[in-house]
Structure formats: C-alpha cells, structure tokens
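Asker: Could you build the full structure based on these sequences and the hints that come with them?
Chains as they are written, first to last, in numbering that gives the first Met the number 0: chain A, 0 to 507; chain B, 0 to 507.
Just so you know, these hints were derived from the structure itself, not from any lab. Some clues are possibly wrong.
Said to hold, decoys possible - Interface residues of chain A toward chain B, partial, derived using beta-carbon atoms under 10 angstroms:
1) N65
2) V122
3) Q252
4) E259
5) E275
6) K278
7) G280
8) V284
9) Y288
10) G481
11) V482
Note that the structure is predicted; figures quoted are calculated from it, not measured. Glycine included, every Cβ here is placed at the ideal spot set by N, Cα and C.
2 protein chains.
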Amino acid sequence: MGKTNEYQPDRRKFLAGMGMVGAATIAAPALKAVAAESSTVWAEEHEIVIIGSGFAGLAAAIEARNLGAKDVVVYDKMPYFGGNSTYNGGLFAVPASPLQKKEGVQDSPETMTADQLKAGRGVADKDLLLHVAKHAEEALRMTLDAGSEYFPYLQQLGGHSVPRTYQTTSASGAGIVQPLVQQCKKLGVQMVTRAKFDHLIHDEEGRVIGVQILKGHYFGRDTEGSPVNIKAKRGVLIATGGFARNVGLRQAQDPTLTAEVPSTNPPSATGEALLELFKAGAIPVHMAYIQTGPWASPDEDGFGYVSNYSIYNFAHSISVFTRTGKRFMNEIADRKTRSDAQLACRDDAGNPLPPITITSYKHAKEHPTMKKVLKYGVGWKFDTVEELAAHFKVPIEPLKAQIEEYNGYVKSGVDEQFGKPMEKAKGKYIEAPFVVIRNWPKVHYCQGGAKVDVLARVISSDNWKPIPGLYAAGEVTGGMHGVSRLGSCSIPDCMVMGMTAARSMMKA
Amino acid sequence: MGKTNEYQPDRRKFLAGMGMVGAATIAAPALKAVAAESSTVWAEEHEIVIIGSGFAGLAAAIEARNLGAKDVVVYDKMPYFGGNSTYNGGLFAVPASPLQKKEGVQDSPETMTADQLKAGRGVADKDLLLHVAKHAEEALRMTLDAGSEYFPYLQQLGGHSVPRTYQTTSASGAGIVQPLVQQCKKLGVQMVTRAKFDHLIHDEEGRVIGVQILKGHYFGRDTEGSPVNIKAKRGVLIATGGFARNVGLRQAQDPTLTAEVPSTNPPSATGEALLELFKAGAIPVHMAYIQTGPWASPDEDGFGYVSNYSIYNFAHSISVFTRTGKRFMNEIADRKTRSDAQLACRDDAGNPLPPITITSYKHAKEHPTMKKVLKYGVGWKFDTVEELAAHFKVPIEPLKAQIEEYNGYVKSGVDEQFGKPMEKAKGKYIEAPFVVIRNWPKVHYCQGGAKVDVLARVISSDNWKPIPGLYAAGEVTGGMHGVSRLGSCSIPDCMVMGMTAARSMMKA
Chain A
0 MGKTNEYQPD
10 RRKFLAGMGM
20 VGAATIAAPA
30 LKAVAAESST
40 VWAEEHEIVI
50 IGSGFAGLAA
60 AIEARNLGAK
70 DVVVYDKMPY
80 FGGNSTYNGG
90 LFAVPASPLQ
100 KKEGVQDSPE
110 TMTADQLKAG
120 RGVADKDLLL
130 HVAKHAEEAL
140 RMTLDAGSEY
150 FPYLQQLGGH
160 SVPRTYQTTS
170 ASGAGIVQPL
180 VQQCKKLGVQ
190 MVTRAKFDHL
200 IHDEEGRVIG
210 VQILKGHYFG
220 RDTEGSPVNI
230 KAKRGVLIAT
240 GGFARNVGLR
250 QAQDPTLTAE
260 VPSTNPPSAT
270 GEALLELFKA
280 GAIPVHMAYI
290 QTGPWASPDE
300 DGFGYVSNYS
310 IYNFAHSISV
320 FTRTGKRFMN
330 EIADRKTRSD
340 AQLACRDDAG
350 NPLPPITITS
360 YKHAKEHPTM
370 KKVLKYGVGW
380 KFDTVEELAA
390 HFKVPIEPLK
400 AQIEEYNGYV
410 KSGVDEQFGK
420 PMEKAKGKYI
430 EAPFVVIRNW
440 PKVHYCQGGA
450 KVDVLARVIS
460 SDNWKPIPGL
470 YAAGEVTGGM
480 HGVSRLGSCS
490 IPDCMVMGMT
500 AARSMMKA
Chain B
0 MGKTNEYQPD
10 RRKFLAGMGM
20 VGAATIAAPA
30 LKAVAAESST
40 VWAEEHEIVI
50 IGSGFAGLAA
60 AIEARNLGAK
70 DVVVYDKMPY
80 FGGNSTYNGG
90 LFAVPASPLQ
100 KKEGVQDSPE
110 TMTADQLKAG
120 RGVADKDLLL
130 HVAKHAEEAL
140 RMTLDAGSEY
150 FPYLQQLGGH
160 SVPRTYQTTS
170 ASGAGIVQPL
180 VQQCKKLGVQ
190 MVTRAKFDHL
200 IHDEEGRVIG
210 VQILKGHYFG
220 RDTEGSPVNI
230 KAKRGVLIAT
240 GGFARNVGLR
250 QAQDPTLTAE
260 VPSTNPPSAT
270 GEALLELFKA
280 GAIPVHMAYI
290 QTGPWASPDE
300 DGFGYVSNYS
310 IYNFAHSISV
320 FTRTGKRFMN
330 EIADRKTRSD
340 AQLACRDDAG
350 NPLPPITITS
360 YKHAKEHPTM
370 KKVLKYGVGW
380 KFDTVEELAA
390 HFKVPIEPLK
400 AQIEEYNGYV
410 KSGVDEQFGK
420 PMEKAKGKYI
430 EAPFVVIRNW
440 PKVHYCQGGA
450 KVDVLARVIS
460 SDNWKPIPGL
470 YAAGEVTGGM
480 HGVSRLGSCS
490 IPDCMVMGMT
500 AARSMMKA
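Answerer: What follows is the structure, encoded as structure tokens:
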C-alpha cells in the first residue's frame with residue numbers, strides 16, 4: 000500500500016513550481032477549488048466530519064471521542080442511522096478471541112489472513128487484511144462496551160479454516176449499530192440524518208478542508224436538500240458503503256447484474272460518494288469484483304431470514320441439485336465458489352432451478368432463525384424424505400443414496416465428494432424430520448472501491464501519496480478482500496478501519 | 000451502454016436549478032473550471048483535438064479529415080508517433096473479410112462477437128463488440144488505402160472459432176502506424192510530438208472545451224514541458240492507451256504484477272490520461288482485468304520476436320511442461336486460459352519453470368519470424384527429439400509418447416487431451432527437425448478503462464449521460480472485452496472506435 004509509483008511524478012508539486020497553481024484552467028480536482036478557503040461561506044465547523052453511519056462511521060466517531068476529539072459530527076443521507084450495516088447478519092470474525100480460547104480453537108491474525116488471501120484469489124491486500132485481523136478483538140470490545148450481545152458459541156463460516164465467528168443475539172447488524180448509535184449519543188457525537196454528502200472542498204494546497212452537505216435530503220424523492228458547507232478541522236472520513244443497489248454502476252462491471260437481480264442491501268447503497276472520491280483523484284481498485292451471497296433465498300426479498308439460517312446451518316447440511324438429487328458443492332466453500340456452483344443449477348432451457356439445502360430438524364432448531372423461516376413460509380418441514388422429494392421434484396433414489404453417502408462422511412470426518420471441513424458436522428447426521436430452504440445468490444457486497452493505506456488514508460493517483468485531510472473506511476474502499484470476501488469479515492474490516500481513521504486523524 | 004441509471008439523478012441540472020453553479024465551493028470537476036471560457040488564455044484553437052497517436056488517434060484523425068474537418072491536431076507525449084501500437088504484433092481480426100471469402104471461411108460479425116463474449120467470461124459488452132465487428136472491414140480498408148500490406152493468408156488465433164486474422168507483412172503494428180502517420184501528414188493533420196496531455200478544460204455547462212498540453216515534454220526526465228491551453232471547437236478525443244507499465248496502478252489491481260514482471264508495452268504506457276478521465280467523472284470499468292500474453296518469451300525483452308512466432312505456430316505445435324514431458328493446455332485457447340496454465344508450470348520450490356513449445360522446422364520456417372528467433376538466440380533448432388529433451392531436461396519417454404499421441408490427433412482431427420481445434424493443424428505432424436522456444440506470460444493489455452458508449456462518448460457518473468465534448472477510444476476505454484480480450488481484436492477495436500469518435504464529433 001502507498002508504494003511509490005515511479006511512473007507518477009508529483010504533478011501538484013511540479014505545477015506549483017511552474018507558478019500554475021491558482022490559474023483558472025487548472026483542472027485537477029485537488030487544485031480546482033483554489034479560492035475555497037478564502038471565499039467559501041462555511042455554515043459550520045467541526046473537528047472531525049464523518050459521512051455515513053454504518054459500522055465504520057460509528058466506530059470512527061466513538062474512537063475519536065475516546066481519543067479526545069471534542070467535536071465530532073456524523074452525517075447520514077437516510078432518515079435513520081446504520082445504512083446497510085443494519086441489514087447485515089451480525090456475523091463478526093475475530094481471530095484469537097476469548098470464545099476461541101474457551102472452545103480450545105487455535106487461531107491467529109495470520110491464520111485468518113491466510114484464509115482471506117485464499118478467498119481473494121491472489122489479489123487481496125495482505126497488509127490491510129493483517130492490520131484488520133490484528134485489531135479485530137479491539138473492535139469487538141468496542142461493541143461489547145457499547146452493549147452488544149453475542150451468542151455464547153462460535154460458528155465456522157464458508158472459507159474459514161476454524162470456527163472464529165461471533166454473531167449478535169439478534170442475528171443482525173442492528174445488534175451492533177443500535178448500541179454504537181447510543182454510545183455515540185452518550186459521548187456527545189452530533190448525529191444528523193437526511194444530510195447527504197455532495198462533494199469535497201479543497202484548499203489551495205489540495206488538502207480536503209470540508210464537505211458540502213445537502214441538508215433536509217429525502218432519499219428517492221425530488222427533494223435533494225439545501226447545500227451547506229461544513230468545515231473539517233482535522234479531516235473528513237468517507238464511510239458510505241458499497242454500490243450494490245446502483246444498477247448502472249454494477250452493470251457496467253457485470254452486464255448480468257441487471258435491475259432484475261435482487262440484492263441483500265437497502266436501496267440506499269448507491270455509491271455516489273465513491274464516485275466523488277474518484278473525481279478527487281482516488282484510485283479505483285477491484286470495481287469489477289461484486290459478490291453475490293450464496294446463502295440467500297429466491298423466496299424472500301433482501302437479506303431476509305434464510306440468509307442467517309443458511310449461514311448457521313450449511314456446516315451440518317447438504318445442498319442438493321433438485322434435478323439430480325446429488326450434492327453439487329462444498330456447503331462451506333467461499334462465497335464465490337458457492338454462488339458460481341448455485342448459478343449453474345438450471346433447467347434444460349437455462350432457467351434458474353434453485354438448489355435446496357436439507358438440514359435435520361433437530362439441528363436446525365438450535366438456531367432462532369428456524370422458527371422465522373418456517374413461520375414466514377420461506378422454509379419447509381418434512382417428516383420423511385419421500386415427502387421432501389415429492390415437494391421439490393427430486394429423484395428419490397439418488398437423494399436417498401446421497402444422504403446415506405454424506406452420513407458416511409459425517410462418521411468418517413472426511414467429505415470425499417467436495418472436501419468440506421467436517422469438524423462442525425461431527426455427529427450431526429442428516430435424518431428425518433427435515434427442514435428445507437431454497438438458495439439463489441443475491442448481490443451482497445462490493446469488493447471494489449477507493450484505494451486506502453493501512454492508516455485509512457485515501458491514496459491520490461496524482462502522486463501516489465495520501466490526499467491530505469481525506470480518509471475512507473469500510474465497503475467504500477477497495478482492494479482489501481480481492482476477488483471474494485469471506486463471510487463475517489466485513490464487520491471487522493469496517494470497525495477496525497473506522498477506528499484506524501479516527502486514530503490517524505487525531506495524530507495528523 | 001449509456002443506460003439511464005435510476006439511482007444517479009442529474010446533479011448538475013439540480014445544482015444549476017439551485018443557483019449553485021458558479022460558486023467557488025462546487026467541487027464536481029464538470030463544474031469546477033467555471034470561469035474557464037471567459038478567463039482562459041488560449042494558445043491555440045483547433046476543430047478537433049486528439050490525444051495519442053496510436054491506432055485509435057490516427058484512425059480518428061484520418062476519418063475526421065475524410066469527413067471534412069478542416070483543422071485536426073494530434074498530440075503525443077513521446078518523441079515519436081504510434082505509442083504501444085508500434086509494439087503491437089500487427090494482427091487484425093476482420094469478420095466476413097475478402098480473404099475469408101477467398102479461403103472459403105464462413106464468418107460474420109455476430110460469430111466474432113460470440114467468440115469474444117466467451118473469452119470475456121460473461122462480462123464483455125456485446126453492443127460495443129458488435130459495433131466494432133460490423134465496422135472492422137472499413138477499418139481494414141482505411142489501412143489498405145494508406146498503404147499497409149498484409150500476408151496473403153489468414154491465421155486462426157487462440158479463442159477464435161475460425162481463421163479471421165490478417166497480419167501485416169512486417170508482423171508488427173508499425174506496418175499500420177507508419178502508413179497512417181504518412182496519410183495523416185498527407186491529409187494535412189497537424190502532428191505534434193513531445194506534447195503531453197495534462198488535463199481537460201471545461202466550460203460553465205460542464206462541456207469539455209479544451210485541454211492543457213505540456214509542450215516540449217521529455218518522457219522519463221525532469222522536463223515536464225510548458226503548459227499551453229488548446230481550445231477544441233468540436234471535441235477532444237482521448238486515445239492514450241493502457242497502463243501496463245504503470246506499476247503502481249496495475250499492482251493496486253493485482254499485487255503479483257510487481258515491477259519485476261515484464262511487459263510487452265513500451266515504458267510510455269502509464270495511463271495518466273485515464274486517471275484524468277476519472278477525475279472528470281468517467282466511470283471506471285474492469286480495471287482489475289489485466290491481460291498477460293501467453294505467447295511471450297522469458298528469453299527476451301518486450302513483445303520481442305517470440306510473440307509473433309508463437310502466435311503463428313501455436314496452431315500446429317505442442318506446448319510441453321518440461322518436468323513431465325506432457326502437454327498442459329490447448330495451445331490455441333484464449334489468452335487467460337493459457338497464461339494461467341503456463342503460470343502453473345513451476346518447480347517444487349514454486350519457482351517459474353517456463354514451458355517449451357515444439358514446432359516442426361518445416362512448418363516453422365513458413366513464417367518469417369523463425370529466422371529472427373533463431374538468429375537472436377531466443378529459439379533453438381534440434382535434429383532429434385533426444386537432443387531437444389537433453390537441452391531442456393525433459394524426460395524422454397513421456398515426451399516421445401506425447402508427440403506420438405498428438406500426431407494421432409493431427410490425423411484424426413480431434414484433440415482428446417485438451418479439445419484444441421485442429422483445422423489449422425491438418426497434415427502438420429510434429430516431426431524432426433524441431434524448432435523450440437520457451438514461453439512465459441508478460442503484461443500485455445488492460446481490459447479496464449473509462450466507460451464509453453457505441454458513439455465513443457465518455458459516460459459521466461453524475462448523470463449517466465455523455466460528457467459533452469469528450470470522447471475516448473482504444474485501450475484507454477474499458478468494458479468492451481470483459482475478463483480477457485481475444486488476440487488480434489485490439490486493432491479493430493482501436494481503429495473502429497477512433498473512426499467512430501471522429502464521426503460523432505463531426506455530427507455533434
């Protein structure tokens with residue numbers, strides 16, 4: 000990160016030397032608002048300005064106050080706080096955690112980073128991953144201090160070599176967002192909704208000295224809001240999340256992600272602040288890597304109930320292609336591997352034929368999501384394998400043979416079909432009665448975004464150095480996870496990089 | 000392309016309605032140089048301003064003059080014209096071409112597009128590909144009119160379903176660049192070297208009305224040049240190529256593409272104009288898809304002699320992993336498939352062990368590159384398979400068996416190992432004496448860049464509409480080819496989109 004780029008001379012310095020800074024025709028954004036500091040009418044001034052109130056923005060606000068910042072403000076364009084973080088499943092990977100010590104699980108930041116690099120398919124950013132893994136437990140502690148509650152056991156999610164994932168008792172990111180928002184308010188952080196970031200304001204030297212906010216913004220309506228200029232003494236943090244719901248931008252990267260493809264994200268995940276970062280000279284990284292979630296269901300909107308249900312149950316379940324009655328993937332492979340395998344489940348005409356995931360009722364009921372899945376009709380209970388097969392039109396004999404074969408793997412501890420790690424399946428045979436849900440991927444997460452360094456500083460394409468006064472954290476940044484992010488690694492990423500941005504701003 | 004994005008309201012329109020346009024703190028680049036038209040000191044004014052003198056820039060200049068433009072200028076930052084196009088192999092795919100008719104090959108723009116979509120792995124832009132394929136023959140004619148000469152036969156390159164590729168008799172893009180440069184001069188196009196594009200100049204409405212050029216630029220030295228403002232009456236075309244030699248930018252996308260990884264491109268392929276486009280609100284597409292060439296050699300710098308030699312010979316050769324003596328890929332699969340297969344050829348410690356490509360001398364000598372490959376010591380001739388095996392430390396018996404097995408496929412017309420299309424291998428058995436070269440991938444082409452529509456207009460992230468006055472063509476644009484571009488499809492892309500930009504400017 001932040002390596003010197005021999006082919007990118009420092010243009011700003013050069014032009015300043017030429018006496019060109021200040022001329023009206025200089026068009027580099029870092030130079031454009033040249034009269035800003037002297038002529039701008041500032042409506043407000045704050046020590047630290049944070050855009051976005053998800054995990055990253057809230058963690059940054061709390062950390063800044065803890066480090067002694069007197070005046071911290073958080074803006075969100077929506078009428079409520081939390082953004083996509085509230086829609087998140089509340090899964091939080093922490094290496095070498097207290098629960099791992101209790102459960103006797105050997106783990107380390109290096110091991111977690113190695114798992115993530117593998118899912119990243121060779122192009123993830125090791126420095127960023129290791130930085131987050133090393134500070135994940137601090138972030139967990141921040142949520143506990145704020146009042147978050149977690150289940151007293153760990154889960155082993157797809158692509159993780161060991162169980163290391165906490166989950167909030169609400170099985171939702173809201174179980175972290177709500178306590179953090181309360182903590183912010185308790186600490187005197189100013190929290191403003193319906194305040195949409197419009198653009199950055201630079202000074203003569205190219206430093207980011209503030210933002211223009213549209214106050215009274217109504218998302219999705221014609222009311223953009225009233226522009227006011229907000230001065231930032233220490234810095235501006237952009238923590239505005241991804242662009243899963245910006246159909247044009249995601250389709251520019253992948254034409255198959257049309258408006259008809261559903262997403263787990265709320266409609267507000269549109270990424271316009273990211274596009275503003277590119278205008279300010281931020282470097283676009285991995286924009287083409289857009290993740291779909293293999294645990295989602297075609298039978299409900301958004302993240303829904305099935306996602307958390309599947310994430311918990313995959314380890315001791317079998318996913319079956321209904322045409323063959325056979326398994327077609329390692330149920331806890333990384334997300335991209337599983338999404339690709341699911342997307343290949345089609346009828347003769349090429350139409351989607353969502354595969355089913357079969358779990359023994361006695362194991363499914365250990366997680367609170369099962370009740371909701373059955374209650375809302377997005378999962379079904381069957382007393383016999385015959386009923387199950389008839390309902391989903393699965394050939395019965397291959398299905399019976401598959402279940403018997405898989406139960407052999409449960410016994411032996413070795414999955415000879417797909418190499419699934421069987422630790423969490425120990426003793427958990429597939430037996431009637433069954434609970435069954437259907438899976439089909441949804442657009443879930445944008446690996447791409449603006450390039451930052453391990454201090455959460457936004458790197459400039461002009462000179463390959465940080466843009467002074469500008470920070471970014473969370474899904475709006477790109478490069479950390481590579482081609483595919485592992486599940487439960489977004490919360491540590493957002494929280495740690497938000498905290499990191501606060502630390503950087505307080506030191507700058 | 001250019002689809003309306005429901006989540007990207009037209010900000011410029013909105014802010015203008017608010018009476019905000021013109022305020023010093025408006026930071027959207029399209030709005031920033033608000034005083035430009037009135038206060039800018041213009042050194043020159045031209046009807047059409049073209050940045051870059053590769054295939055795209057030159058084709059645009061000629062087409063603009065042909066359509067009646069009176070005043071066309073082409074700027075290049077280097078002391079010579081042609082950029083990376085001169086280093087190109089001179090391979091030019093044209094569907095339904097005169098040579099195909101002569102050779103009796105059935106082909107169509109739709110067939111070529113289908114091949115390209117397959118190599119693009121589902122994310123290529125069908126509209127752009129089809130537009131280029133439909134106009135490829137016009138582009139070929141432009142080069143013939145200018146005096147380019149081609150071999151009188153077609154080649155079938157990796158990933159193409161039929162032979163459709165012309166090649167200049169110089170086996171180099173110079174065979175197109177030089178005639179086009181002469182044609183430009185003959186037509187009165189103003190051609191300026193050592194003139195580096197620095198940034199765009201916008202008017203009050205956000206229209207691109209000119210550029211700032213650094214005249215007297217010396218690439219790679221401290222002399223940046225003197226800034227002059229050039230007004231463009233009809234429009235500005237950015238045709239500056241890719242960023243294969245910008246180590247920072249390529250490594251941000253793929254950390255393995257360190258400074259140590261060689262490239263076929265000249266040092267000037269650094270992409271700074273692309274980064275300027277992003278500042279102007281252009282949408283980054285597929286920046287992470289960087290292509291390495293599987294026909295390159297570790298025994299020479301740059302594109303070298305082996306690249307064209309391999310491209311011509313792969314169809315009737317076998318590539319062999321020296322540790323096993325066996326083939327390891329379809330020698331005419333698409334570039335990504337082959338590069339990935341070659342990169343997997345390693346010793347026990349994981350160090351590269353470049354595979355060898357074996358061709359019968361009698362077939363290799365049909366192409367003029369063989370003489371150069373042998374003369375410069377980057378290829379070797381062997382009279383017996385024993386000598387060959389001893390030289391490269393290949394186990395002899397498996398190698399002999401492999402050659403015999405492959406010759407069976409030549410006879411049967413079906414490659415049972417890797418499904419290679421055998422049409423061009425008909426009757427071409429692998430027999431002594433042999434010519435052998437080594438292959439290892441080099442960074443060759445950037446699929447990513449700025450989003451354009453089929454009229455070569457640059458799309459704005461502000462409102463998902465074209466940025467008035469701004470055009471882009473060639474490797475600086477992104478999205479057309481998806482994950483992997485097929486060989487010989489860059490020349491038609493560059494030439495057709497350059498011509499298209501000229502047509503759009505003359506109509507605008």
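Asker: Against each hint, give a clear statement of whether it holds in the structure.
Answerer: Going through the hints against the structure:
1. N65: violated, 31 angstroms
2. V122: V122/A check passes; min Cβ-Cβ to chain B is 5 angstroms, inside 10 angstroms.
3. Q252: holds, 6 angstroms
4. E259: Because about 13 angstroms separates E259/A from the closest Cβ in chain B, which is outside the 10 angstroms limit, the hint is violated.
5. E275: This interface hint holds because 8 angstroms falls under the 10 angstroms limit.
6. K278: Nearest chain B Cβ about 5 angstroms off; hint holds.
7. G280: For G280/A, the interface hint holds, since the closest Cβ of chain B sits about 6 angstroms away, which is under 10 angstroms.
8. V284: With a minimum Cβ separation of about 5 angstroms from chain B (threshold 10 angstroms), the hint on V284/A holds.
9. Y288: holds, 6 angstroms
10. G481: Status holds, d = 9 angstroms.
11. V482: At 8 angstroms from the nearest chain B Cβ, V482/A passes the 10 angstroms test, so the hint holds.
Against the hints set out earlier in the document, violations occur for numbers 1 and 4.
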